[in-house]
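Visitor: Take a look at the letters that make up each chain.
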Amino acid sequence: MKILVTAKRVEDPESKIKVKPDGTGIVQEGLKYKINPFDEIAVEEGLRLVAKHGGEVVVVSIGGKEVHEQLRHALAMGAHKAVWVNHTGPLDQMGVAGLLQKVVEKEKPDLVILGKQSIDDDQNQVGQYLAEWLGWGQATFASKAESFDSENEKNKVPALVVGADNKTVRVVREVDGGLATVECQLPAVVTTDLRLNQPRYASLPGIMKAKSKPIEELIPAGLGVDVTPKLTVTKMSAPPARKAGIKVPDVATLVEKLKTEAKVI
Amino acid sequence: MSIVLIVAEQQPDGALRKATLNALSAGKALAEKSGAELHVVVLAKDASAIANELKDHGVKAVHAGSAPHFEHYIAEAFAPAIAELAQNLHADFVGMASTSVGKDLMPRVAAKLKAAMASDVMKFEGSGTDITFTRPMWAGNVIAEVKLATPVKVFTVRTTEFPPAQKGGAPGEVKAFTPAAPGEVKTKFVDFKEVKSARPQLTEARVVVSGGRGTKGDFKEIEALADVLGAAVGASRAVVDAGWVPNDLQVGQTGKVVAPELYIAVGISGAIQHLAGMKGSKTIVAINKDPEAPIFQVADYGLVGDLFKVLPELRDAIKAAK
Amino acid sequence: MDFQLTDEQRALQETARKYAREVIRPKAAYYDETAQFPLDLIEKGFELGLLNLAVPAEYGGLGLSHLDGVIATEELAWGCAGVATSMIANDLALLPILIGGTDEQKRRFVTPFTKELKFASFGLTEPGAGSDVAGMSTTLRREGDHYVLNGQKQFITNGEHASQYTVFATTDRSKRHKGITCVVIEGRPKGMTVGKHENKMGQRASNTVTLTFEDVRVPVENRIGEEGEGFRIAMETLDNSRPLTAIVATGIARAAMEHAIDYAKQRQQFGRPIAEFQGIQFMLADMGMQIQAARLLTYQSAWMLDQGQKNTLVSSYAKSFAADMAMKVTTDAVQVFGGYGYMKEYPVEKLMRDAKLIQIYEGTSQVQRIVIARELLR
Numbered sequence: 052m053k054i055l056v057t058a059k060r061v062e063d064p065e066s067k068i069k070v071k072p073d074g075t076g077i078v079q080e081g082l083k084y085k086i087n088p089f090d091e092i093a094v095e096e097g098l099r100l101v102a103k104h105g106g107e108v109v110v111v112s113i114g115g116k117e118v119h120e121q122l123r124h125a126l127a128m129g130a131h132k133a134v135w136v137n138h139t140g141p142l143d144q145m146g147v148a149g150l151l152q153k154v155v156e157k158e159k160p161d162l163v164i165l166g167k168q169s170i171d172d173d174q175n176q177v178g179q180y181l182a183e184w185l186g187w188g189q190a191t192f193a194s195k196a197e198s199f200d201s202e203n204e205k206n207k208v209p210a211l212v213v214g215a216d217n218k219t220v221r222v223v224r225e226v227d228g229g230l231a232t233v234e235c236q237l238p239a240v241v242t243t244d245l246r247l248n249q250p251r252y253a254s255l256p257g258i259m260k261a262k263s264k265p266i267e268e269l270i271p272a273g274l275g276v277d278v279t280p281k282l283t284v285t286k287m288s289a290p291p292a293r294k295a296g297i298k299v300p301d302v303a304t305l306v307e308k309l310k311t312e313a314k315v316i
Numbered sequence: 155m156s157i158v159l160i161v162a163e164q165q166p167d168g169a170l171r172k173a174t175l176n177a178l179s180a181g182k183a184l185a186e187k188s189g190a191e192l193h194v195v196v197l198a199k200d201a202s203a204i205a206n207e208l209k210d211h212g213v214k215a216v217h218a219g220s221a222p223h224f225e226h227y228i229a230e231a232f233a234p235a236i237a238e239l240a241q242n243l244h245a246d247f248v249g250m251a252s253t254s255v256g257k258d259l260m261p262r263v264a265a266k267l268k269a270a271m272a273s274d275v276m277k278f279e280g281s282g283t284d285i286t287f288t289r290p291m292w293a294g295n296v297i298a299e300v301k302l303a304t305p306v307k308v309f310t311v312r313t314t315e316f317p318p319a320q321k322g323g324a325p326g327e328v329k330a331f332t333p334a335a336p337g338e339v340k341t342k343f344v345d346f347k348e349v350k351s352a353r354p355q356l357t358e359a360r361v362v363v364s365g366g367r368g369t370k371g372d373f374k375e376i377e378a379l380a381d382v383l384g385a386a387v388g389a390s391r392a393v394v395d396a397g398w399v400p401n402d403l404q405v406g407q408t409g410k411v412v413a414p415e416l417y418i419a420v421g422i423s424g425a426i427q428h429l430a431g432m433k434g435s436k437t438i439v440a441i442n443k444d445p446e447a448p449i450f451q452v453a454d455y456g457l458v459g460d461l462f463k464v465l466p467e468l469r470d471a472i473k474a475a476k
Numbered sequence: 043m044d045f046q047l048t049d050e051q052r053a054l055q056e057t058a059r060k061y062a063r064e065v066i067r068p069k070a071a072y073y074d075e076t077a078q079f080p081l082d083l084i085e086k087g088f089e090l091g092l093l094n095l096a097v098p099a100e101y102g103g104l105g106l107s108h109l110d111g112v113i114a115t116e117e118l119a120w121g122c123a124g125v126a127t128s129m130i131a132n133d134l135a136l137l138p139i140l141i142g143g144t145d146e147q148k149r150r151f152v153t154p155f156t157k158e159l160k161f162a163s164f165g166l167t168e169p170g171a172g173s174d175v176a177g178m179s180t181t182l183r184r185e186g187d188h189y190v191l192n193g194q195k196q197f198i199t200n201g202e203h204a205s206q207y208t209v210f211a212t213t214d215r216s217k218r219h220k221g222i223t224c225v226v227i228e229g230r231p232k233g234m235t236v237g238k239h240e241n242k243m244g245q246r247a248s249n250t251v252t253l254t255f256e257d258v259r260v261p262v263e264n265r266i267g268e269e270g271e272g273f274r275i276a277m278e279t280l281d282n283s284r285p286l287t288a289i290v291a292t293g294i295a296r297a298a299m300e301h302a303i304d305y306a307k308q309r310q311q312f313g314r315p316i317a318e319f320q321g322i323q324f325m326l327a328d329m330g331m332q333i334q335a336a337r338l339l340t341y342q343s344a345w346m347l348d349q350g351q352k353n354t355l356v357s358s359y360a361k362s363f364a365a366d367m368a369m370k371v372t373t374d375a376v377q378v379f380g381g382y383g384y385m386k387e388y389p390v391e392k393l394m395r396d397a398k399l400i401q402i403y404e405g406t407s408q409v410q411r412i413v414i415a416r417e418l419l420r
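Chains as they are written, first to last, in the numbering used here: chain A, 52 to 316; chain B, 155 to 476; chain C, 43 to 420.
Keep in mind that the hints were calculated from the coordinates and are not lab data.
All clues stand as given, with none of them false.
Pairs of lysine-lysine residues, derived as DSSO-like cross-links and limited to a Cα-Cα distance of at most 27 Å, are as follows:
id : chain 1 : residue 1 : chain 2 : residue 2
1  : A       : 310       : A       : 298
2  : B       : 329       : B       : 214
3  : A       : 298       : B       : 476
4  : B       : 342       : B       : 268
5  : B       : 182       : A       : 308
6  : A       : 157       : A       : 262
7  : A       : 314       : B       : 436
8  : A       : 298       : B       : 374
9  : A       : 153       : A       : 264
10 : B       : 214       : B       : 187
11 : B       : 266       : A       : 218
12 : A       : 218       : B       : 347
13 : A       : 153       : B       : 266
14 : B       : 370       : B       : 473
15 : A       : 264       : C       : 157
16 : C       : 69        : C       : 242
Because the structure is a prediction, the values reported are computed rather than measured.
Please put together the full structure from these sequences, using the hints given.
Guide: Okay, structure coming up:
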């Protein structure tokens, strides 16, 4: 089967994000960039399915030349080829979903796997827009129930199982209060949650091999997609600073603060 | 009159999901800014009960769409019905709580309506249809103000930012409607398994309750509080060294490093080795007899008192608050 | 000049860093404490291609540059210097073959290491011949189509786990360094014994043993280069490996500095974090500048090899500077931690013990200075 996966370039989740004093964006200086962790899980899941069922994994990223770093990372993990949608400038989720729709129509994959959200915008929308526009079924937040380390987990069936006839995929979804299982006709869109799998490393041989794997370049105009953003960020600011710790007089006040101020219970 | 349409959610057990009420109060806040009417839609196999429950929460109208194919939630089956209703009503805003259903469903509704969408909205500002949505980015490290340029604007709301809507005011009109049958639905529901919250792993838990020397090795109260909170149990090095609890509960330099949303340190003085293992926690609560204990320097909320008296009280108060 | 890493270099650095953070670090203290051989960590490293970095593509390796190898090795050492030393030991043992061997010997003795995880050891040092390499007393005597090897080699990294040994011995002691010859020993032939694992101060995860040879027969076709060429081969090997030991020192020092910075920000004394005190700040500043200087010297020494230039002088600069730097930085890191730094509960005392070895092995800091002075006075 042919699986299309995404590889968005995002700020390293370990790096400190600071807002520019004028509120027009974040301070880019000194930041490192990585493949969106949820997308990395999507790449891994694609590779596992292909290892089992045969076929190929095509990875797509949208951005300037710098996204080659993320495409190469996915290729080094084992993806077979890459599609680079060369676009610089602002892009919203409708633009992304519109571009991906065209890439899907061109590549004709049996399955599209995306991260459930990117850790910069945190919108959690693109997979769903894409599924609707393609007229496909969707299974968001594909996940597993337990800790990776537990014995139970090691013996567990994978969260994504392709039907014997290669026409369906059964997906375990992490939802409020439990796990929902759905079955989608293929082709379908799946988005990944954090606990679906643990992505493999890009090995050194993989990195060297990735050098010679193809990266196909596409441009939005060529795909006939209008990417004018419909969503604009007008201002960014830092969250309110953490309040200095306080002593509370009694249990009632503590519970009240935890509920209304810290919002943790 | 423009309309804010809020989507209600039914739990797998058939009850109204409480987050719907938070979404309703968000909808009310938005309706006030934009001078709109607040409507709510509920889709279920039989939507009447939930519709009746909702009508007293300050809404103008409750649209109750009942159909057999709403028995189990599937985005493809629900999205067309909501989009169609939004179009029929000429709703300007369509929103829902940011639950897993809200996150799954609303982008699909937005896509159908060719509408832009803002997720996890914390605040609305502006007036008329010129509304600014405040929402978090980069895991809350940035708070962004966003504008949506499409005629219909879709959003989900962060429920913790809006209190649950209260009953009151004139009851809204319940309007039953029969949604058009969706086209071919390519996804089918298989099953739902409720996850019983056994005590989670220390490093993965959302809440951790840790005990220190102040417990004198009696962890019963710590465990009881942890059970109420669905929390993992941790310990300081002192109690591990004393052999009171097993090694793998140790939080700190040589133990586990944890970063839960809520860390409750009970009877722990706060040696730097312990702080190294928990200082990344989002909210830290310290309960200690000694008002000078260093743990109070890192705690967001400190309570001076005897843990054997405080903990049972706290447990009951949390049960009541939930 | 270009200080920018290539995309591939950034990628392999990232993989090595992730491996060091997720695989080595969690078990570094355990292997330090027990002094067991970290086979599980090395197996995972082998799967990722982090061993045998020096092997060219034509012999089954990845064909990395020396600079690539240095970039990856810094991360391994940042994880644990003992593990890193065991991971780069194959390179040290295979380099003499790559430098002095025939094509057939390279295929026979080097290529198999790229196919499966195996260990090779480099045997130069003897109980009575450390810095004075030419004073070695292990002998090779020709008997028809074989040599007969007699003597003892000590401080042999990975010796207990190796299945192949690159050994230097003399065919004529009177000729001093002109009598030194290099041979490859396969497996554990009759007459060879492996001593017990040394109880070391630091880098305890790396296996270190003594090898004893009593009338061990070595086929003539296992001789690398000609008789008497061994000294040149050994010295050239050390020119190649000095950047690696220098970067191990740099990796240790970087780890120490990061720990010191974290701790200084966290530790409150006199009502504020100690990072706000200038006395601490100056120590941290010195760490930063010295680590960067060591790294750049090391990069240059590796880059010169990649350019086909002789790097004896610069690699000796790098090795001795980095080793002394790491000793200073790790000692200061313990100082920043105060009493906690002296405790094994915190990671910095281990780094101080690990750093000490770099001033000693593969040419002491004093020998490096002799080499430097000789090059300068030439």
